[in-house]
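Novice: Here the protein sequences line up with chains U and C, keeping their order.
Numbers 78 to 585, taken from the working numbering, label the letters of the first sequence in order.
Numbers 78 to 585, taken from the working numbering, label the letters of the second sequence in order.
Since the hints were made in silico from the structure, they are not lab data.
Honestly, I wouldn't trust all of these hints.
The list treats identical chains as one, so a pair stands whether inside a single copy or across any two.
Stated by the list, open to error - Calculated lysine-lysine pairs in the DSS-like style (CA-CA distance at most 30 Å, straight line):
#  : residue 1 : residue 2
1  : K537      : K125
2  : K392      : K119
3  : K537      : K494
4  : K393      : K285
5  : K249      : K470
6  : K180      : K385
7  : K180      : K301
8  : K119      : K180
9  : K180      : K392
10 : K180      : K470
11 : K180      : K492
12 : K119      : K393
13 : K393      : K418
14 : K180      : K393
15 : K218      : K393
16 : K285      : K385
17 : K249      : K494
18 : K393      : K301
19 : K385      : K119
20 : K385      : K218
21 : K393      : K249
22 : K285      : K249
All of these numbers come straight from a predicted model, not from anything done at the bench.
2 protein chains.
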Amino acid sequence: MIGRLIIGDIRPSTPDFEHPAKATVGSQVSVRADVFKDGHEKLAVFVKWCSDAEGDWRSVRMTPVANDRWEGFICPQTLGLHSFEIIAGTDRYATWRNEVLIKYEAGQNIDVELIEGSLMLGEACLWDASATMADAAEPVKTRLESGIRAGIAEFFESHMSFDDETSSTQLKLWVDRPAASYGAWYEFFPRSEGGFGGATLRLDAIAKMGFDIVYLPPIHPIGKVERKGRNNTIIAGPDDPGSPWAIAGHTDIHADLGTFDDFDRFVERANDLGMEIALDYALQCAADHPWLVSHPDWFHHRPDGTIKFAENPPKKYQDIYPINFWPPSNDARIELWAECKQILEFWMSHGVRIFRVDNPHTKPLAFWEWLIAEIHAIDPGVIFLAEAFTRPKMMAQLAQVGFSQSYTYFTWRTKKKHITSYFDEVARGRASDYMRPNFWPNTPDILSGPLRNGGPGAFKQRLVLAATGSSAYGIYSGYELCENEPASDDNEEYLHSEKYEIKHRDWD
Amino acid sequence: MIGRLIIGDIRPSTPDFEHPAKATVGSQVSVRADVFKDGHEKLAVFVKWCSDAEGDWRSVRMTPVANDRWEGFICPQTLGLHSFEIIAGTDRYATWRNEVLIKYEAGQNIDVELIEGSLMLGEACLWDASATMADAAEPVKTRLESGIRAGIAEFFESHMSFDDETSSTQLKLWVDRPAASYGAWYEFFPRSEGGFGGATLRLDAIAKMGFDIVYLPPIHPIGKVERKGRNNTIIAGPDDPGSPWAIAGHTDIHADLGTFDDFDRFVERANDLGMEIALDYALQCAADHPWLVSHPDWFHHRPDGTIKFAENPPKKYQDIYPINFWPPSNDARIELWAECKQILEFWMSHGVRIFRVDNPHTKPLAFWEWLIAEIHAIDPGVIFLAEAFTRPKMMAQLAQVGFSQSYTYFTWRTKKKHITSYFDEVARGRASDYMRPNFWPNTPDILSGPLRNGGPGAFKQRLVLAATGSSAYGIYSGYELCENEPASDDNEEYLHSEKYEIKHRDWD
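Could you put the whole structure together from the sequences, leaning on the hints where they help?
Specialist: Here you go:
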């Protein structure tokens, strides 16, 4: 049977009500719900909430907004999972007070109403007021005033009990540190500075530009087998570095970039400058990644005995092997997922708490749901940015299963009406309860229309739009140089891949 | 852990997913859902459904609409509760077929793809095609064609099995007879024709006007104690009939109107003319209703020993006593609710299967949820129209707990932009899955703006809007006479209550 009161459409929430909505420490959260019952009585509505770790339940009164919608504010002070529910019931005192005042003002006899009020105040142990109200020798006005005077409503509010108390289901709220929703990101290839030594020296300039987060594309050894050359040619020349995303070891550092000590000094210097380092978490392997030998069961096999490399027909990525996250053996799956978790723990032990996740939409949602929860159990301050430019339902679902931030369609929203409706959607749409936008005016490989055709003015305009349209935004390596040479007339990509190697020198 | 595939936002559905959405027998129902998974593989999606009474589960293939939204059509043929769920999995054959064709057209080598296809067809026992595909002596084109020729896709479609089959939660669909969503209603006071004898003679004229349902305001004995006079005066004159809603016995017929035999003949004649009778179900009592003596615990008591009559301060309805649907004793509640159900069963035994429910929003939603389910267990063809002109959330919730049809705000939607957005809302809004509008241009007491000021043209225009804007619509007694004299300049009510007694004579 449904409750005496109806409590519905509770926000913030996820569509499945099983995954948490999101908030950040110290920010006010508006909790809203439809609350109503039959008839015309007045209701009292509360949001009851706590940090799951602390179990410190407390209540906040909600107020009616319009059309049976109620709102109350909570302000979580600790990281991690919180719970909340809506509690509502009929406010007998407010109902009585409202009706007796209307009748009194209409000149109607209120003798019985005064006795009813006296009984209610008596039950609440407000003896003096109760006695005055019941005293027929007193003038009606005096009796009424003793039942509605200042303090009585407040008393009932703080001693509320209901005949018809109704609770909503319990909802979950995940509370992140502020960097999960706020920050300026700067992408940076350490190779362009000759490795972590030079990169560390660049950090001052990056900090001076006002960035909060320095994001590094993969810093790992790059596969040699099937390595690609410039502009996606099949055969690499002897000096071609290959694609950093053709990873030959997820817990190693590319020899060209330096040692772990160099990396640790780089992280430390960034922190000293008030910045954080974000690493790329790209779960895919070069042909000579050790997993292909140690765990061939983690990959897709073909009837000719080969392991399947990445394809998006007719495109082929011979230097990259996708992982099979649902291998036939469940033991293999458990081992694989645990190994993926180990990678994150490894880099967390080197001071990294932000990960930009490459192509999460090509890995199972169940994997992300498991992985992010596991990592948050170790450190609830770890932040995951989903690099998914894919279909809108998938992007929202990735946020629902746990990603802290999401890439968006901002890059392709260029007309006033599309900008207006898209900004409105990310700020106030259904998904805004759990999906946080991170606006980037360009991507590493896509030179979008306004940048390609607009020159430095367009670069500045798009940066301002990104920075003011979302509390998190970022730029890719080279953006501040306004690089806008396309690969060809009908190609959205940049002219050549060595741009990553030259741009910072130009900038000096 | 969430499923291998994601299935979400299933429609038709109610917001709480516990109450059923609605459909009618023989009508096509569009079932829609978001279905997607990681990566780029092709999916197969089905809606599986059955009548709960018959358990006749069957499957219909769904097709992609746009942006991961899928749609399939079902057409229930029996009354009552149905169940449905979405089943989805990766379509290995379609995925293979799509990729091999792209590669073949791009001139790539497809030897391994042909072996993969051959193995898949072999697993499906399509031996001939499998052998041809594996035969390296045959030209590639021949081998490919044997794997994609007509019939193979259909074979896989009808023998679909999935490694990653994922089911949604099971949803409910309540299937009504067509009159639940379709029909022209005509309100009619038998008293205006001198009782059921005269009323029976009027039925031909009503049928000729094209109506499907003849709705009667309460036909029960009217209370004598505290009876109201004309225009809400406190004291009734000796010939004043009182308000028919001041009911003095819910299973009796007012002596002025005739006997049960007269009523039965009236119902029979209406049925012969292809019409149905709808009765008013108004759960409230006159001061001399037998329940006030037999079950005083079903009412609200005041400290002065009186039973509380109806009020909406400062308005008082001294001739009507509201029922307390949550009396302090649970046994009393069970007895009361059962008695309310008995009233419906009583009139059902006299051939009535449609009830217009007076003011349902002032009775508990839990009561309606229970009552409608109980009645539908006896006869799933009984139809309940909710007369609630109240807050939108409550109106939708009444529909969610079981009402077949709902009064709407149509009466007050008079400007083009409001008409457009409201028609769109009732036809396509979230609530349209379970809330069916019934449009009435007037109400028994409210003479809305366009009718009051517009004359016969306005009456015709509003009727056409009602009849074309919703598949169910109705008019109150007197509408066809274009009665539009207001009670006073600042009053939306009609001039005098005897209009009910005179209009049909004027019409002849």
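Novice: Which hint numbers doesn't this structure obey?
Specialist: 1, 4, 11, 16, 17, 21 and 22
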